[in-house]
Amino acid sequence: MMLWLVPLVPLLLAPALYLSGRRLGQAGLVALAASGLLVTLAMAGLAEAAGGASRYAWSETLTLGLAMSPAGRVAALLVPLIALPVVIYAGAGSGARLLALLVAFVGAMQLLILADDLLTLLIAWELIGACSWALISHRWEKPHVPRDAATAFLVTRFGDLGLYIAAGAVFAGSGGFGYDDLAQLQGGLKHVAVAGLLLAAAAKSAQVPFSAWLFAAMSGPVPVSALLHAATLVSAGLYLIARLEPALSDVAWFAPVTVVIGLATALAGGIVATCQDHAKKLLAASTSAQYGLMWVAVGAGFPGVALLYFVAHAFMKAGLFLSAGEAERQAGTFDLTHMRLGRRLPGVAVMALILSLALAGVAPLGAAWAKEQVVAAAYHQAVVLALLVSLAGGLSALYATRFQRLAFGRPPHSLTPGLPEAPGPSVPATLSLGALVVGTLILSVLWWPELHRSIVESLTFSLPPGHLWLLIVSLLLVAAGIAIGIWMTRPGQTLPAQLEAKRPMAAQWFGLSAATAALAGWTSVLGHRLARFDDEVVDAGLRATARAGEWLARLGAGRGEWLGESLPGSLTRLSEWGGRWARQAQSGQTHHYYTGIAVGCGVILVLLWIGALL
37 MMLWLVPLVP LLLAPALYLS GRRLGQAGLV ALAASGLLVT LAMAGLAEAA
87 GGASRYAWSE TLTLGLAMSP AGRVAALLVP LIALPVVIYA GAGSGARLLA
137 LLVAFVGAMQ LLILADDLLT LLIAWELIGA CSWALISHRW EKPHVPRDAA
187 TAFLVTRFGD LGLYIAAGAV FAGSGGFGYD DLAQLQGGLK HVAVAGLLLA
237 AAAKSAQVPF SAWLFAAMSG PVPVSALLHA ATLVSAGLYL IARLEPALSD
287 VAWFAPVTVV IGLATALAGG IVATCQDHAK KLLAASTSAQ YGLMWVAVGA
337 GFPGVALLYF VAHAFMKAGL FLSAGEAERQ AGTFDLTHMR LGRRLPGVAV
387 MALILSLALA GVAPLGAAWA KEQVVAAAYH QAVVLALLVS LAGGLSALYA
437 TRFQRLAFGR PPHSLTPGLP EAPGPSVPAT LSLGALVVGT LILSVLWWPE
487 LHRSIVESLT FSLPPGHLWL LIVSLLLVAA GIAIGIWMTR PGQTLPAQLE
537 AKRPMAAQWF GLSAATAALA GWTSVLGHRL ARFDDEVVDA GLRATARAGE
587 WLARLGAGRG EWLGESLPGS LTRLSEWGGR WARQAQSGQT HHYYTGIAVG
637 CGVILVLLWI GALL
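Position 255 (the sequence shown) corresponds to 291 in my numbering; numbering is contiguous.
FYI, nobody ran anything at the bench for these hints, they're computed from the structure. All the given hints hold, so there is nothing to weed out.
FRET-style restraints, in silico, Cβ to Cβ:
| hint | residue 1 | residue 2 | range |
| --- | --- | --- | --- |
| 1 | A582 | W289 | 49 to 55 Å |
| 2 | G470 | A519 | 26 to 32 Å |
| 3 | P540 | W289 | 32 to 38 Å |
| 4 | L566 | H416 | 45 to 51 Å |
| 5 | T496 | V420 | 29 to 35 Å |
| 6 | P245 | P540 | 16 to 22 Å |
| 7 | P245 | L467 | 35 to 41 Å |
| 8 | S560 | S71 | 36 to 42 Å |
| 9 | L588 | S95 | 35 to 41 Å |
| 10 | L562 | P540 | 28 to 34 Å |
| 11 | A519 | R91 | 53 to 59 Å |
| 12 | L495 | S71 | 26 to 32 Å |
| 13 | L566 | L495 | 46 to 52 Å |
This one's a predicted model, so the numbers in the text were calculated from it and none came from an experiment. For each residue, glycine too, the CB sits at the ideal point set by N, CA and C.
Using the sequences and the hints, build the whole thing.
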């Protein structure tokens, strides 16, 4: 029962928050939401201590199952831990709807994390998709927001088809939906199931070619972006393949395909982020790139490394989105070329600097240790792969430096021209951002060998062996990325004409953004046309049936009355005639009866004779 409370507490709290909006007021709503997340965190801790699994019998053949896996032990604690400061940040000026959806988002993600079968996973998968659409479209009054929310929803829905295919393949091959059934699956159905799961995970984690939907998702409020990128929607795909890696890796092509997808996304996302001038879109591209590195770790056979990097990434990415939100409040825009707010927001600038250094992979921050583990995992497969991952790490340093310098660097003059004075960050915003920075700093203890070894052993993870020369190369590329980032962001600095001409296309995922928007548009048009076909053709048959029934009813109203009156009268007359005929046979004359008997016997003899002849 304890396992079920972990997702149920936030899922049940969400409607209560929404319905209590006017009664509690803003402070009461935030307090209730934060308390619910703390209870969820406590429940997750108790469930980890208790361990085990729980089953709910939906029917005689279908059950829903939850279990606390090693991967779940990491993620189940992390999600409410990240959501807590995000919800506190969102409480300033947000209504009950946004807070309720954020809390429901947490509950759906907890259900996904604890799911022990594909049926439960599908339910959670659908919930996080619905919550993400509602959150991205929160400011629906802006014309572009519903369209962007639909784009993000439809692209991820396309990937969701893979999960349904995988569930069908597992059920067809084993008669069940359990993760154990997936592991025992053999033959072609196993390949179909793995391909479906990989498709669903790639779409959710914004891996190429699905990466561009994250730009559409940036239409959501800042807290939505922070939670979506750090610990919920995008992480769902990574968590899925990390959780099921032992079963998926039985298929020979899973590892190389996962590595190729992850590496391509890490490199492409790094270039896109470097070319972006929109603060949130830069961070969105970096999210795809960072999850690409985690995919490489899973494909290399070290899902534990991917999950540890997921933890480090969650703290720094949520904090960076909140810092971008504070910069937008001050500048009135997310355009990085109109910021340089270091003097306006010195406290936020310092906290953002720590988070940017973590994103860049600068030691001794814990994110740097986790990234070096990804490099070592890649080296376990091939030297070239490790060098390419290190290059992706160098790109991380480049775009992290660019973000920090453009958003919170010092302007060339005492004040940024053209920007009106705006109030500084609120107390909830400062506390939320500070909590995420503290979490990022605490993770620096991962460099301590005894500590990270004990953590890994307790979670039954494995770490790849390290190599000093590989660490040196990786750190040198990080330093090079920082240096190039500083050079690119000098006031008045411009790129060579050839590179500048190609930058807009690169900033939009090399055309994938337009392709994604077109795909979503075509899907929407197809949906409207199918709805019209349903209304005009399919429903026409139903309407014709209804009209036929109405005509028969009217016909019955006239003819039925005549039939109802004439039929009983006819039966009455027939009975009277039969009675009169029967009375004639009852004459009382004995010779009449003998004659009848003789005639009857004669008829019987004739029938017997005819039967004998036949």
